[in-house]
Amino acid sequence: MVNYEFESMVSQQALTLKAHALNFTRDEQDADDLVQDTILKAITYHEKFQDGTNLKGWLYTIMKNTFINNYRKVVRTNGIVIKSEEISSSNLMYSSTENSGENSFVMDDIKEALSKLSEDYYVPFTMYFEGYKYQEIADYLGIPIGTVKTRIHMARIMLKKSLKPYSVKANPFLFSIR
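Under this note's numbering, the residue at position 83 of the sequence shown is numbered 83, and the numbers go up by one with no gaps.
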């Protein structure tokens with residue numbers, strides 16, 4: 001099919017597409033935008049249309065998918081962007097002006113505390129932290145599972161001691177290290 005013939009066939013469907021778009025959007029201007037997007041996509045991807053198939057069904061499928069994708073984009077944007085003038089205290093955590101410098105110092109302190117652990121405690125603890133199960137760690141290290149659990153427990157105690165300034169008792173505004 002020649003390109004201009006296809007464009008003509010698609011343009012003839014504009015009124016029925018608009019009626020269908022109104023069912024989705026419930027708004028005249030949004031329906032016009034949806035029809036325009038649908039026609040643009042149909043003309044752009046006309047080579048994917050197979051002669052002899054249902055043009056109206058193909059256009060409705062494009063419209064439905066366009067509407068769903070636009071809806072998902074709006075939901076995702078509204079979930080991230082706060083449109084109110086005042087930002088509640090619960091949303092301050094997601095503020096774009098958050099300073100991550102403090103996080104850098106915390107991470108440096110955690111790395112330093114981990115580096116102070118002996119290899120007997122460091123390896124089982126980091127493997128457990130990475131998601132390995134106790135039995136997998138025991139098999140890898142060739143030690144009993146009880147020893148693995150003890151070493152992980154002792155590593156936690158040593159890390160808590162090294163990171164005491166970050167505990168809730170020392171600073172009630174920080175999250176506790178468990």
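Treat the hints with caution; some may be incorrect.
Said to hold, decoys possible - Pairwise CB distance ranges (calculated):
| no. | residue 1 | residue 2 | range |
| --- | --- | --- | --- |
| 1 | 73 | 52 | 21 to 27 Å |
| 2 | 126 | 167 | 20 to 26 Å |
| 3 | 77 | 136 | 38 to 44 Å |
| 4 | 75 | 131 | 50 to 56 Å |
What the hints assert, rightly or not - 30 Å max Cα-Cα, derived DSBU-like pairs, lysine-lysine:
| no. | residue 1 | residue 2 |
| --- | --- | --- |
| 5 | 161 | 149 |
| 6 | 41 | 56 |
| 7 | 164 | 111 |
| 8 | 56 | 18 |
| 9 | 41 | 111 |
| 10 | 56 | 116 |
| 11 | 116 | 149 |
Since the hints were derived computationally from the structure, they do not count as laboratory data. Even glycine gets a Cβ: it sits at the ideal position worked out from N, Cα and C.
Hint by hint, here is what the structure shows:
1. 73 to 52: 21 to 27 Å: Hint violated: Cβ distance 34 Å, outside 21 to 27 Å.
2. 126 to 167: 20 to 26 Å: About 22 Å separates the Cβ atoms of residue 126 and residue 167, which means 20 to 26 Å holds.
3. 77 to 136: 38 to 44 Å: Once the Cβ atoms are compared, 42 Å apart, the range 38 to 44 Å for residue 136 and residue 77 holds.
4. 75 to 131: 50 to 56 Å: 31 Å Cβ-Cβ, so the 50 to 56 Å window is violated.
5. 161 to 149: Cα-Cα ~19 Å, so holds.
6. 41 to 56: Answer holds: residue 41 to residue 56 is near 14 Å, not above 30 Å.
7. 164 to 111: 14 Å, holds
8. 56 to 18: It holds: about 12 Å lies between the C-alpha atoms, which stays within 30 Å.
9. 41 to 111: Violated, at roughly 52 Å.
10. 56 to 116: Violated, because 69 Å separates the two Cα atoms, which is more than 30 Å.
11. 116 to 149: Measuring from Cα to Cα gives roughly 19 Å; hence the hint holds.
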